[in-house]
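Produce the entire structure from the sequences given, and follow the hints as far as they go.
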Amino acid sequence: MSTVFMPQLSIDDLRIEPGLPTVVAPKAGVHVSLQEAAPLLRTVADDILEQAGGVLFTGFQVSSIESFQGFAASFGHPLIGYEYASTPRSQVEGAVYTSTEYPPHRSIPLHNEQSYTREWPLRIWFHCVLAAQSGGATPIADSRAIYRGLDPALVARFAKRELLYVRNFGQGLDLPWQHTFGSDDPRVVEKYCAARGIECSWRHSEDGELLLRTRERCQAVARHPRTGDMVWFNQLNLFHLSALDQDMQETLIDAVGLESVPRNVYYGDGEEIEAEALTEIRAVLDRQRVVFPWLSGDVLMLDNMLTAHARDPFAGPRKVVVAMAQSYSEMPGGEQKTAR
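If you number the sequence shown the way this note's numbering does, the last residue is 1260 and the count never jumps.
Honestly, the hints are just simulated from the structure, not real lab data.
Just to be clear, a hint being listed does not mean it is correct.
[Unchecked claim] Capping the alpha-carbon separation at 25 Å, the derived lysine to any residue pairs in SDA-like fashion look like this:
1. Lys1111 with Pro998
2. Lys1239 with Arg1209
3. Lys1239 with Pro1213
4. Lys1080 with Ala1203
5. Lys1111 with Ser1249
6. Lys1080 with Arg1146
7. Lys1111 with Val1086
8. Lys1239 with Ala1065
9. Lys1080 with Val1141
10. Lys1080 with Gly1090
11. Lys1080 with Arg1116
12. Lys1111 with Ala1015
13. Lys1080 with Leu1158
14. Lys947 with Pro959
15. Lys1080 with Ala1057
16. Lys1080 with Ala1065
17. Lys1111 with Asp932
18. Lys1239 with Asp967
19. Lys1111 with Leu1084
20. Lys1239 with Leu940
21. Lys1080 with Glu1192
22. Lys1111 with Glu1179
23. Lys947 with Ser930
24. Lys1239 with His1025
25. Lys1080 with Lys1111
26. Lys1080 with Pro998
27. Lys1111 with Val943
28. Lys1080 with Thr1199
29. Lys1239 with Thr1018
[What the hints assert, rightly or not] Cβ-Cβ distance ranges computed for the label pairs, FRET-style:
30. Ala948 with Ser983: 18 to 24 Å
31. Thr963 with Arg1107: 44 to 50 Å
32. His1099 with Ala1203: 33 to 39 Å
33. Gly1190 with Asp1071: 31 to 37 Å
34. Gln928 with Arg1068: 30 to 36 Å
35. Gln971 with Leu1215: 33 to 39 Å
Think of the CB as a built atom: it goes at the ideal place given N, C-alpha and C, for glycine as much as any other residue.
Now the structure itself:
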């Protein structure tokens, strides 16, 4: 079949496959770039994203990371930076970042972006610049289905007690606080934390390094501000010390003590979370995983509250970049909510 160059794309030129993710692609023989298709794709996404939770745009030509950034920005909200980072990332261009720079042999569990704090993006885009030779998928899961799949008594307990995230920066074990907060001035850190209800404290290591500890009480579940859906929304399974293998847990505790491990999470009152609860939560997350293969050029758009994401181990070169938009904040106690 000969290639058709479309002067103006219409819905009839697209193949749309419902599901999570909903797949949107040009029909056979239709040759169009993501930039050219953007006005129509925005309309499609606006219609289906908050029902489906995620849309995979595949088969469109993406000429550069800059064009991906333009596509994400075209949805009408300024792209936002990666503040209060929990994992290593590099800024690629503008407001586009690398996906989490963990070693290729390690998996990253399902999570909703920045759900370990009270402020997060409602929209997140992933662009596969180069698919891995093997592995490297970005599994996703329906946060509404996770909420429904958990024991209602467990959900009620976590909703009431919430979560307390404790982070210890630096020590040669995790991100330096200077990297996370973009400043080497403790006063900047303290101002940032005070504005967001994050407790912070300082101490010095034996060799004189200034160390930062933060403690933030956050939601375990949340209600989507537009759809009204209740979602399981946290990074409990990722932050809890048990996310590491037993040898690594013991090594960290021996090195710095339990209270100073890089990250851990407790009930909001500081009490330990039961192992049985963690086991149930991880089992439900595993059952809800949806895996699709990346193709170079793909763009995945997620509603960050409705859909969690992860990363599978991979072999060979792989490059996936990320953009985020539409910051949403929820103050402790639910006094104030703002979407912008």
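Status of the hints after comparison with the structure:
no.: 1; hint: Lys1111 with Pro998; in the structure: holds (24 Å)
no.: 2; hint: Lys1239 with Arg1209; in the structure: holds (22 Å)
no.: 3; hint: Lys1239 with Pro1213; in the structure: holds (14 Å)
no.: 4; hint: Lys1080 with Ala1203; in the structure: holds (22 Å)
no.: 5; hint: Lys1111 with Ser1249; in the structure: holds (17 Å)
no.: 6; hint: Lys1080 with Arg1146; in the structure: holds (22 Å)
no.: 7; hint: Lys1111 with Val1086; in the structure: holds (18 Å)
no.: 8; hint: Lys1239 with Ala1065; in the structure: violated (30 Å)
no.: 9; hint: Lys1080 with Val1141; in the structure: holds (9 Å)
no.: 10; hint: Lys1080 with Gly1090; in the structure: violated (32 Å)
no.: 11; hint: Lys1080 with Arg1116; in the structure: holds (20 Å)
no.: 12; hint: Lys1111 with Ala1015; in the structure: holds (23 Å)
no.: 13; hint: Lys1080 with Leu1158; in the structure: holds (20 Å)
no.: 14; hint: Lys947 with Pro959; in the structure: holds (17 Å)
no.: 15; hint: Lys1080 with Ala1057; in the structure: violated (34 Å)
no.: 16; hint: Lys1080 with Ala1065; in the structure: holds (20 Å)
no.: 17; hint: Lys1111 with Asp932; in the structure: violated (52 Å)
no.: 18; hint: Lys1239 with Asp967; in the structure: violated (29 Å)
no.: 19; hint: Lys1111 with Leu1084; in the structure: holds (20 Å)
no.: 20; hint: Lys1239 with Leu940; in the structure: holds (23 Å)
no.: 21; hint: Lys1080 with Glu1192; in the structure: holds (15 Å)
no.: 22; hint: Lys1111 with Glu1179; in the structure: holds (24 Å)
no.: 23; hint: Lys947 with Ser930; in the structure: holds (11 Å)
no.: 24; hint: Lys1239 with His1025; in the structure: holds (15 Å)
no.: 25; hint: Lys1080 with Lys1111; in the structure: violated (29 Å)
no.: 26; hint: Lys1080 with Pro998; in the structure: violated (34 Å)
no.: 27; hint: Lys1111 with Val943; in the structure: violated (43 Å)
no.: 28; hint: Lys1080 with Thr1199; in the structure: holds (20 Å)
no.: 29; hint: Lys1239 with Thr1018; in the structure: holds (8 Å)
no.: 30; hint: Ala948 with Ser983: 18 to 24 Å; in the structure: holds (22 Å)
no.: 31; hint: Thr963 with Arg1107: 44 to 50 Å; in the structure: holds (46 Å)
no.: 32; hint: His1099 with Ala1203: 33 to 39 Å; in the structure: holds (34 Å)
no.: 33; hint: Gly1190 with Asp1071: 31 to 37 Å; in the structure: violated (23 Å)
no.: 34; hint: Gln928 with Arg1068: 30 to 36 Å; in the structure: violated (42 Å)
no.: 35; hint: Gln971 with Leu1215: 33 to 39 Å; in the structure: violated (24 Å)
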